[in-house]
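Chains as they are written, first to last, in this note's numbering: chain D, 1 to 348; chain L, 349 to 1089.
Possibly wrong hints are sitting among the right ones.
As the list claims (entries may be wrong) - Here are the simulated SDA-like cross-link-like pairs (lysine to any residue), alpha carbons at most 25 Å apart as the crow flies: (1) L:Lys785 / L:Thr367; (2) D:Lys309 / L:Val820; (3) L:Lys615 / L:Val652; (4) D:Lys174 / L:Val739.
Unchecked claim - Partner residues are not named here, just some residues of chain L that face chain D (Cβ under 10 Å, in silico): (5) Phe608; (6) Gly610; (7) Leu663; (8) Leu729; (9) Leu734; (10) Leu746; (11) Tyr750; (12) Phe751; (13) Gly753; (14) Val828; (15) Leu830; (16) Trp839; (17) Gly1030.
Note that these hints are calculated values from the structure, not bench results. In this text, all values refer to a predicted model and were calculated from it rather than measured experimentally. We put the beta carbon where it would ideally sit given N, CA and C, even for glycine.
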Amino acid sequence: MRILSSIAPLLLLIGGSLAKKAQTDAYEEFNKLAQRSSPIKLNDATYASLTTAPRNHSVAVLLTALETRFGCQLCQEFQPEWDLLGKSWTKGDKTGESRLIFGTLDFADGRETFISLGLQTAPVLMLFNPTVGPHAATSPEPSRYDFTAGPPAAEQVHSWLSRQLPNRPHPAVKRPINWLRWASTITLVLGVGTALVSASSYVLPIIQNRNIWASVSLIAILLFTSGHMFNHIRKVPYIVGDGKGGVSYIAGGFQSQLGLETQIVAAICKTNFFYAILFRKLMHCVIDGILSFCAITLAVKVPRMADSKTQQVAVVVWSITLFLVYSFLLSVFRVKNGGYPFSLPPFM
Amino acid sequence: MAAKTQGPAVGYTTESTRTLLRVVILCFIAAAAISSRLFSVIRFESIIHEFDPWFNFRATKYLVANGFHKFWDWFDDRTWHPLGRVTGGTLYPGLMVTSGAIYHALRTLTIPVDIRNICVLLAPACSGLTAFATYLLTNEMTTSPSAGLLAAVFMGIAPGYISRSVAGSYDNEAIAIFLLVFTFYLWIKALKLGSMLWGALCALFYGYMVASWGGYAFITCLLPVHALVLIAMGRYSTRLYVSYTTWYALGTLASMQIPFVGFLPIKTSEHMPALGIFGFIQLIGFIQYVRSAISGRQFQTFLVTILVATFGLGLLGLVALTSLGYVAPWSGRFYSLWDTGYAKIHIPIIASVSEHQPTAWPSFFFDLNFLIWLFPAGVYLCFQDLKDEHVFVVVYALFGSYFAGVMVRLMLTLTPVVCVAAAMAASQILDTYLSWKSATPVEEQEAPKKVKGGLRGSDKPNVGIYSNLTKVMVSGSMLVYLLMFVSHCTWVTSNAYSSPSVVLASRMPDGSQHIIDDYREAYQWLRQNTKEDAKVMSWWDYGYQIGGMADRPTLVDNNTWNNTHIATVGKAMSSREEVSYPIMRQHEVDYVLVVFGALLGYSGDDINKFLWMVRIAEGIWPDEVKERDFFTPQGEYRVDEGATETMKNSLMYKMSYYNYASLFPAGQAADRVRGVRIPDQGPVLNTLEEAFTSENWIIRIYKVKDLDNIGRDHANAAAFERGQKKKKPTKKRGARVLRVD
Chain D
1 MRILSSIAPL
11 LLLIGGSLAK
21 KAQTDAYEEF
31 NKLAQRSSPI
41 KLNDATYASL
51 TTAPRNHSVA
61 VLLTALETRF
71 GCQLCQEFQP
81 EWDLLGKSWT
91 KGDKTGESRL
101 IFGTLDFADG
111 RETFISLGLQ
121 TAPVLMLFNP
131 TVGPHAATSP
141 EPSRYDFTAG
151 PPAAEQVHSW
161 LSRQLPNRPH
171 PAVKRPINWL
181 RWASTITLVL
191 GVGTALVSAS
201 SYVLPIIQNR
211 NIWASVSLIA
221 ILLFTSGHMF
231 NHIRKVPYIV
241 GDGKGGVSYI
251 AGGFQSQLGL
261 ETQIVAAICK
271 TNFFYAILFR
281 KLMHCVIDGI
291 LSFCAITLAV
301 KVPRMADSKT
311 QQVAVVVWSI
321 TLFLVYSFLL
331 SVFRVKNGGY
341 PFSLPPFM
Chain L
349 MAAKTQGPAV
359 GYTTESTRTL
369 LRVVILCFIA
379 AAAISSRLFS
389 VIRFESIIHE
399 FDPWFNFRAT
409 KYLVANGFHK
419 FWDWFDDRTW
429 HPLGRVTGGT
439 LYPGLMVTSG
449 AIYHALRTLT
459 IPVDIRNICV
469 LLAPACSGLT
479 AFATYLLTNE
489 MTTSPSAGLL
499 AAVFMGIAPG
509 YISRSVAGSY
519 DNEAIAIFLL
529 VFTFYLWIKA
539 LKLGSMLWGA
549 LCALFYGYMV
559 ASWGGYAFIT
569 CLLPVHALVL
579 IAMGRYSTRL
589 YVSYTTWYAL
599 GTLASMQIPF
609 VGFLPIKTSE
619 HMPALGIFGF
629 IQLIGFIQYV
639 RSAISGRQFQ
649 TFLVTILVAT
659 FGLGLLGLVA
669 LTSLGYVAPW
679 SGRFYSLWDT
689 GYAKIHIPII
699 ASVSEHQPTA
709 WPSFFFDLNF
719 LIWLFPAGVY
729 LCFQDLKDEH
739 VFVVVYALFG
749 SYFAGVMVRL
759 MLTLTPVVCV
769 AAAMAASQIL
779 DTYLSWKSAT
789 PVEEQEAPKK
799 VKGGLRGSDK
809 PNVGIYSNLT
819 KVMVSGSMLV
829 YLLMFVSHCT
839 WVTSNAYSSP
849 SVVLASRMPD
859 GSQHIIDDYR
869 EAYQWLRQNT
879 KEDAKVMSWW
889 DYGYQIGGMA
899 DRPTLVDNNT
909 WNNTHIATVG
919 KAMSSREEVS
929 YPIMRQHEVD
939 YVLVVFGALL
949 GYSGDDINKF
959 LWMVRIAEGI
969 WPDEVKERDF
979 FTPQGEYRVD
989 EGATETMKNS
999 LMYKMSYYNY
1009 ASLFPAGQAA
1019 DRVRGVRIPD
1029 QGPVLNTLEE
1039 AFTSENWIIR
1049 IYKVKDLDNI
1059 GRDHANAAAF
1069 ERGQKKKKPT
1079 KKRGARVLRV
1089 D
């Protein structure tokens, strides 16, 4: 094999034209580089020599802007996946049957290329198909990967590449086993287990404490039934502009809500940033929670008060709170649902 | 409440009076539950609603006409053309069999009744039963005499349940919620008594539930979780052993009788908790037996270790079997409940259904009103004297609210526990504040002994309320809340949940009701004007309706069992005519049906669903259909002048806007859904011809042209028809030869 591969360029040298020789050299040369570290880090010159028009290999180039001053989050997030893909492809294809070279061109090294391609955004992933040879494509123009769906995983890019390069081997993406993470997880589990067992006399009362379980379940229920999962899944913004320079806090419409949905809360909390953040995400949860707490107090705590005066005050305070907050809740709901006819004073 | 204080002398009469009162009240509740679901029948007519019910209705008619055995072996060649569907083996037959049985029973009693009316009214009838089952379940939870009745009222009129059970909504959920609640009642009863009989009854109704609704997995997972929590709390008992084992053994056997379920209970992950706990409880039972026979502290520690180790090993074994492929991993729909981003990336067909979206807060309030804040209070009350059945409510509440938060549709399974818990809280408040007995202060010396592990604050004695003023205040405001709840429910039912969606209602300028009946108009046209076996291609949403109302074969329908087939239709809709035509020919499509709301401002039309068609097609043919191409470079989804070329050339766009501009004066054509102006020069259709457009243009039907008589392609033929000259005469024409054939 070794003999053959060393003879092959020789034969080509003898038989082929000068241009062809240059190409073979380009591929061989870059392939050697790639064996050392793939994707190859390119600059203007190497980019040009790698992608010049008559070529009998494919090139996948990622044009990216990794420096922090560009603030390209997508580039940063995609880079490790790209490196992984390049590495596992080159490793899985030692003989170079797929004739695909992976390259990365950072804006810092390839300013000229970016300008000549007229690129305004990064990252751009281009695949140059070979122009000569058995896999030659009809169009010399490179195809571009679509980054609109956020940073893709290495597997997604791999399947895109595989579709573009039919009839060639497609070495699968091999994610390295994260030994450190496994080790740390196992250590952690064992450690926590040991700690729990040895400290069981302290931990058990906490685990068996009914109050803790009750409050944890209530908080979980309140979170789930106040649309927190919606915020979590949709990753809703806290606030949106209302198009007039102001900020709107309560999203109109039914299957929509914002993380922050109250004017009042915002007004109260403008001074107090911490509470503002807490309130923003949890407004419905907090309102429901207050109402539930009032109901619990009225049902459980108040009848157990031994003193008649205290009891009377407590009943008045809690039932008025309940009434007011419920009235507020109804008014919030009316913002969402314009035609809703019911309301309670004072938030009519 | 006053009756409680009376002496034992009058106990007999009050007891019977109370029972009578209860029966009367429950009858009233059932009547209220049924009548509040009749809005749609009164406003429109006795008609089957929406999409899925039309399939159920069609299947019921088949069952009634052909008998049970034929129904069981039903192979339906009129759907999923050309694949067909093994309908008998891929449906939950409970609903159809129930209405078939009612039909035959009424026939035997010589009551002539149309099967359609049975189907329309089945859901309201079951809601009365659900209210009764909720009453029974709540009575197991609390000693308060009013809680059960309150729960029954709540359940009867809560919009969260009404949304799936109005008259005409002939869906699996119609009977399934009754079965769900009743199975839970029987489970609690079995657990309390440790009775094999109740356990067997529970298994029986569980089997019925499995036969009725795919949501049975909720019971399959909830009961083992309840058992596991009880074991973890150290509450293992022979009662638990007997009831769980009976339920699991008989229930699994029953569920395996349904062809659609078959061997799933021992093969898929969502059934594994039940199986695992079954094995675990056997082990515990054995160890308990050994422990009672042998004493010794060390031995017991040893046993506990074995227990924990076996549990861990079992879990590991399950994971190993799953990864080796012996046990099917979580199916997509279930998995998406846990990993909430999963469906959006991997199964667009699940993510595309609006019922599978996460629930925002307004929906919770809309469906449950003030129960939403009484519910946590009720759960808190369950923690007070945490008996086995209260643990069940807590577990159910946690899981139910999680699932309801992740998927709008699962609000339905949350509603029963909300009603039960809220009724417990409401009755606690009402019992306390409606009692005329004034509180008597307790002497200090009989201070209660600290109960270990109780709730903070509830260890003091309950003395009652002193002042009558505060009683009036609290009961008055509760009354206001209850009244508001009733009016809220009526309002929601009447406004949001009573539209058949087959028939649309709108208001004329003078306030009178105007019925828009385009769907039935179009389906009737299909039924009367097309061949018996003319294949109709449409997006899958309308498959069941076309099958049910027009009785024509369809390519895809709401039983989304074959994603590729749906993607094929999506590709045909989202590609150019030149690409779509061969696809349609290959599938022998005769007619194509699109729903188009631009004239009326009907927003649920196909252009708004179009991106899902594109996405689903892209999942299978990522190189031929690209979602990106349907967005302008600015990332907008446009249908007007600025629409992308791909959009303008797609079959769906062409069919929707074909000839649309000619309705308006020049330059005035507007799309009232998207709120944009449509170009005057409409799209040109070559391979299809318009066959029918309904009164308000909601439904448009196109006929697929046959191949051209003289072998031209359709574009040329159509251009010739329009009288356009050929732009390019055929470039190369060989030497003229005489025809020899």
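Numbered hints the structure breaks, given as an ascending list:
3, 4, 5, 6, 7, 15, 17
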